[in-house]
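Engineer: Heads up: the protein sequence lines correspond to chains A and B, in order. Going letter by letter, the first sequence gives residues 1 to 272 in full-length UniProt numbering. Going letter by letter, the second sequence gives residues 1 to 308 in full-length UniProt numbering.
Don't read these hints as lab results, they were simulated from the structure. We put the beta carbon where it would ideally sit given N, CA and C, even for glycine. Wrong hints could be hidden among the right ones.
[Unchecked claim] Between beta-carbon pairs, the in silico distance windows are:
1) A/Arg163 <-> B/Ser74: 54 to 62 Å
2) A/Arg163 <-> B/Leu34: 24 to 32 Å
3) B/Gly287 <-> A/Phe99: 39 to 47 Å
4) B/Leu34 <-> A/Ile127: 46 to 54 Å
5) A/Ile70 <-> B/Ala268: 41 to 49 Å
[Claimed, not checked] Quick list of in silico lysine to any residue cross-link-like pairs, SDA-like style, CA-CA up to 25 Å:
6) B/Lys263 <-> A/Arg128
7) B/Lys263 <-> A/Gln261
8) B/Lys221 <-> B/Gly287
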Amino acid sequence: MRFNLPAGFAGLIWLAIVVIPLYWILITSLKTQANYFLTNPFVPPTDPTLDNYRMVIEADFVRYFFNSAIVTAGAVIPAVLISFMAAYAIVRASNRSRFLRSVNAVFLMGLAIPLQAVIIPVYLIIIRLKMYDTLLAIILPSIAFAIPLSVLVLSNFIRDVPRELFESMRMDGASEWGTLWHLAFPLIRPALVTVTIYNGLSIWNGFLLPLILTQSPTQRTLPLALWTFQGQYSINVPAVLASVVLTTLPILALYVVGRRQLLGGLTAGFSK
Amino acid sequence: MTSLAPPAPRGRTTTSAQGGRSGSVAWLAAPAFLMFLAFAVVPLIGVLVLSFTQWDGIGDIHAAGFDSWRSVLSDPGLVHALWVTFLIMALSWAFQTPLSLLIGVYLAAQSRYREILAVIYFVPLLLSSAALAITYKALLDPNFGLGAGLGIPLLQQDWLGRDNLALGVLVFVVSWQFIPFHSLIYQSAVRQIPKTMFEASEIDGAGRLRQFFSITLPQLKYTVITSSTLMVVGSLTFFDLIFVLTGGGPGDATRALALDMYKRGFQASLMGPASAIAVILVLVGLGLALLLRRIGGRDATESQMEGV
């Protein structure tokens, strides 16, 4: 690898563009409000304080955190499992089942349906189901909208499982249900992790569904809480930024632990 | 990838597994299918139906014929929203594509320090749009933001208070958020280009620039199409970011289609016209996706390994 000076220089400029806002968020969240106005914004505080974080936590962010966790787990786990079942069926039998072929076609078409465009009927359905202002109201549409891409990615992986393995399972008298969980599930576990991460990230960060389908503070998820918090404390920039750091922390932790899985998950449906 | 087993021979799938017991597997697809039907397909039909009704979001729904369509289509607000959407789409595409491409190529090289850079480059992917919008709102505030703190008048502008500036800020924040994602796509695509092509060109005396334009860029043709499709179609659905960052303002300067729909429906309680906007949103998205596909001319049988 020859050293490439202009590229290295440009790389550093982009690094600055990415890092400066992140750095600013972090150091500012550790300043007091009074200190924030007096000091240079790029100089870290001489006596860092966690008061802003305490303030955010006291603003009920623990509850919002759990709401987000419930919504994310409650949507991602069922979404991935039923997508996996559907992907398995589509790969195994779509050549002899017209039903499965049309299911697959509907999912492929579904990739192109934007959530924003159908939010009004979804709102209507949720009202009619008497689920407005509950966490379940966020969970159900989240599951539905996670399905198409999950099925696409998972079926690509199941397709790579050698036919002979399915054959020998069948010879041994295993049912399709058994084959699904004892053969396909362990073999495509990496893909399942990938899909889980991708869906988890987008649901954790989701804003539109909570905004439309919930109302009371007790049902708030983190992105919505961020928005209302900054509406209340817009002048207290350090506190607002502390709320940003706190809500991003869990994902950042995940990034540190499983960076490759996470980045792989983000592009699984798109690279090539 | 599951590298646990050798890949199955592709092609005809004529094993005896397809023999009897037809349909014994099909029910496995039912839960996913029903969920998707209930919360995506039915709403898609529903939005079309609702565009021919009158509804305030709480009370009863009444049939209203073409009223909503007439009011939406004759409203200059629609043209404006389409124009704003188009501007955001075109500008963010033009800004993101070359940068993502260059960064993706840059990060594709196997070198220790570039890998460290990559770790940091991808951090913006983790933040929610709401968090990002809040951050930039604080950062750009003329009184409390970075400009005021540094005392640099140039940075102290009313970034979100002037039409063109607000739009520019929006494009910048969108790019800041999504360039990492598209770089990631380009990075993995570049790594799939056969090394032999670069080696051969090196023997032929091609320089770095020549390699980029004669090998890398042509080989990335389909990746450019994929990434552009995601950018263009994705930009139609920008909602969170605009909603939190500018709320469509100043005035209506950043009131893009998705936000226009929200404001008509959930703020002005006009669900009929809002549904009509939603239908337009779907149609524009589909149209763009098909158009890009045609431009790309992607043919599944065409090999990317051409000329190897």
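Engineer: Are the hints correct? Go through all of them and say.
Structural biologist: Hint by hint, here is what the structure shows:
A hinted range of 54 to 62 Å for the beta carbons of A/Arg163 and B/Ser74 is consistent with their spacing of about 60 Å. Hint check: A/Arg163 to B/Leu34, Cβ distance near 29 Å, so the stated range 24 to 32 Å holds. Range check, B/Gly287 to A/Phe99: Cβ separation about 30 Å, and the 39 to 47 Å hint is violated. Our hint of 46 to 54 Å for B/Leu34 and A/Ile127 is violated, since their Cβ atoms are close to 20 Å apart.
At about 32 Å, the CB distance of A/Ile70 to B/Ala268 disagrees with the hint of 41 to 49 Å. For a cut-off of 25 Å, the pair hint linking B/Lys263 to A/Arg128 stands: about 22 Å separates their Cα positions. Using a Cα cut-off of 25 Å, the hinted pair B/Lys263 and A/Gln261 is violated, with the two alpha carbons roughly 38 Å apart. For the proposed pair B/Lys221 and B/Gly287, the alpha carbon gap of about 21 Å is at most 25 Å, so the pair holds.
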